[in-house]
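In case you want the letters, here they are:
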Amino acid sequence: MKTSELWKPSNLDFIQNPYPSYHKIRESTPIFKATTGDYVVMSYDLVRQVLHDPSCLTGSRVEWVNKLQGYASNRNIDFDATSAIISSMLIQINPPDHTELRSLLAKNWPTKDLLSAMAQQLSTDIAGKLPKQFNLVTAIAKKLPMQMICHVLGFPSDQGERHLNDGLRLVQLLGPYLSFRDLLQTQKAAERLLDSFQNFYDTVDPNKPANLSAKIKQAYRNNGRKQDEAVTLLIFLFIAGFETTSTLLSQCLLLLLNNKALLGKMDQPSLPAFVSEVLRLHSPVQITGRKTSQEMVLGGVHLPVGSILTLCVGAANRDPKHFKNPDALDISRDSKQHLSFGYGIHHCLGSQMAQIEAIEMLKIMIPILGQFNLTGPIKWENKLTIRSVREINVTRNG
Amino acid sequence: MKHQDEVTSLVKTLIAKELKVAPDSIGEDVSFHDLGLDSVNSLFLLGDLEQKLNLDIDPLSLYDNPTVSSFSNFISTLISENI
Ligand code: HEM
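Those sequence lines, one after another, are chains A and B. Per numbering that gives the first Met the number 0, the first sequence starts with residue 0, numbered consecutively. Per numbering that gives the first Met the number 0, the second sequence starts with residue 0, numbered consecutively.
Excised from the complex, chain A in its bound form:
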C-alpha cells in the first residue's frame, strides 16, 4: 500500500486509533505528499524543526477562509463572522503582529497560584454534584475547562455552557478536513459567539481589572488597537481554552478507569508526570499546519515556496527515535519534550493552565474514581485535528 493511502484523516476508524497507521507511515518515510497536495510531516525531529523555523509561517487557514468568503459571497452565502474570528486567532498570526499581541496577553495572564486556587474550587464543586450515572465527558471533562476559562475571562459560565458546541465548531476550522455542511454550521456558531461576546465586552469595565477581559480591554485602549479585534481575541481565548483541555481530562480519567492497578499507585507527587505522559501519548491536537515562505529541503524532500505542511504532532510524540517504547505509558520517562503544546514562538499560552486543571481535577477524582465503572463503548468526535471524546458513560457503585 502506498504511504499516502494509509493516511485517512477524515475516516472515523482512522481517527479512533490512528497510531498503528502513523507508525507504518513514519517507518516508510518521515514526510510525504498527501493526495490533498499538502506535505504531511510525521517524525519528531522534522515536526520540531518546522515549528522552530521562522520561514515556516502560520496563517494559511485564514487565507483559506477568506477565499471561501469570497467564493461564497457570489452565492449570497455569508462567512463574515467566521472570517472575523479565525483572523483573530493568535495561532494564525505571524510576527511582528504576533509578537506584540502575545506579549500583551502574557503580561496580563493569570498567575499559577490564582489558577490553582480556581481549579481546585471548581473541581470540588463539580465532583460534589456528580449523579449516579453520567457521561464523564460532559459532567467533568468539558465542565471544568469551560468554567475555568469563563472565570479567567469573567464571562458568565451559564452563557459559556450554551456555547460549548459553538467553540468546538470554530476550533475545528484550524483543521483542513471539513465539509461544506460543517462550514455552514461553523458560520452559525460564529454568529452566535460574536453576538454574545460583543454584548459581554460592552459590559466589561476596563478600569476595574478584575479579569483577563478587563485587562485586555484596557490594554487595547492604551495601545490604540481596534476594539472589535479585542472581542474576537476573547472568543479565541474562550475556544482555545476548553476543547483541548477537555480532551486531556477525558484521556486522564479514561486511562485510570481502564487501569485500576495504576489508579491504586497514583499519589499527588506523581500527578505532573502522569499528566505530561498522557499529553504525549494522546495529544489533544493531532495536527497543526505551517506554510513555507521560501524554498526548502525537509527530510530530503524539496518543498517549493508556498507548500502547505501538515504537522502530525500525534505521530511525532510516538516517534521511537525519540521516545523508547513509545506506545507505552511510562510515568518515569522524560516526557516533557512532547510537542502537544507546540514548540517555538506559538508554544501554547495556556499550557500551565491546562496542566493545573488536570492535576487539581485528578487530586479530587482519584480517591473516588475506584467507585466508577464504564457502562458502554467510548464514542469519539469525527475530527482528527482535535481528537476528542464525546462519551465515556459510567455508573457509580454503592
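It is worth saying that the hints were derived from the structure and are not from the lab. For clarity, every value in this text was computed on a predicted model and none was experimentally measured. Just so you know, even glycine gets a beta-carbon here, dropped at the ideal spot from N, CA and C. Not one of these hints is a red herring.
Cross-link-like lysine to aspartate or glutamate pairs, in silico, EDC-like; alpha carbons within 20 Å at most:
| id | chain 1 | residue 1 | chain 2 | residue 2 |
| --- | --- | --- | --- | --- |
| 1 | A | K66 | B | D47 |
| 2 | B | K51 | A | D181 |
| 3 | A | K66 | A | D181 |
| 4 | A | K290 | B | D37 |
| 5 | A | K32 | B | D37 |
| 6 | A | K32 | B | D33 |
| 7 | A | K7 | B | D63 |
| 8 | A | K7 | B | D55 |
| 9 | A | K32 | B | D63 |
| 10 | A | K66 | B | E17 |
| 11 | A | K7 | A | E380 |
| 12 | A | K7 | B | D57 |
| 13 | A | K1 | B | D63 |
For the chain A half of the interface with chain B, some residues (derived, Cβ under 10 Å), not all of them:
| id | residue |
| --- | --- |
| 14 | K7 |
| 15 | P8 |
| 16 | W63 |
| 17 | Y70 |
| 18 | A71 |
| 19 | R74 |
| 20 | P175 |
| 21 | R180 |
| 22 | L182 |
Since the structure of chain A is already known, use the hints to place chain B with the ligand on it.
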C-alpha cells in the same frame, strides 16, 4: 435509483457552474486539479451534490477519485449502498 451516466452529467453540470464554463467542455478523464477546481470550489461542489442527492460525502473523496469518471463511479456506488 440513479444511473452512473445521470450522476456523471450532474457532476459535470455542477463543475461547469463552479468554473463558469459549458458542461460539454469538461473532460471526464482530466483531473479536477487540471480542470481548475481548487480546495474551496470543490467543497461547494460536494455541498451541492450532498444536497441534490441527499448523501453524506467524505470531503476527501474528491482527492481519492480525482476525475469526473472515477468520482461519478464513486458516487454511484455510494448511492447504491445508501438504498
Ligand atoms: C491540554 C490542553 C491544550 C493543548 C493540548 C493545547 C495545544 C496547543 C498547541 C499545540 C498550540 C500551538 C499550535 C501551533 O503552533 O500550531 C497552542 C497554542 C495556543 N494555545 Fe493551547 N492548548 C491547550 C490548552 C490551552 C488553554 C487552556 C489555553 C488558554 C486560553 C490555550 C491557549 C492557547 C493560545 C492563546 C495559543 C496561541 C499561542 C500563539 O500563537 O502564540 N491553550 N495550544
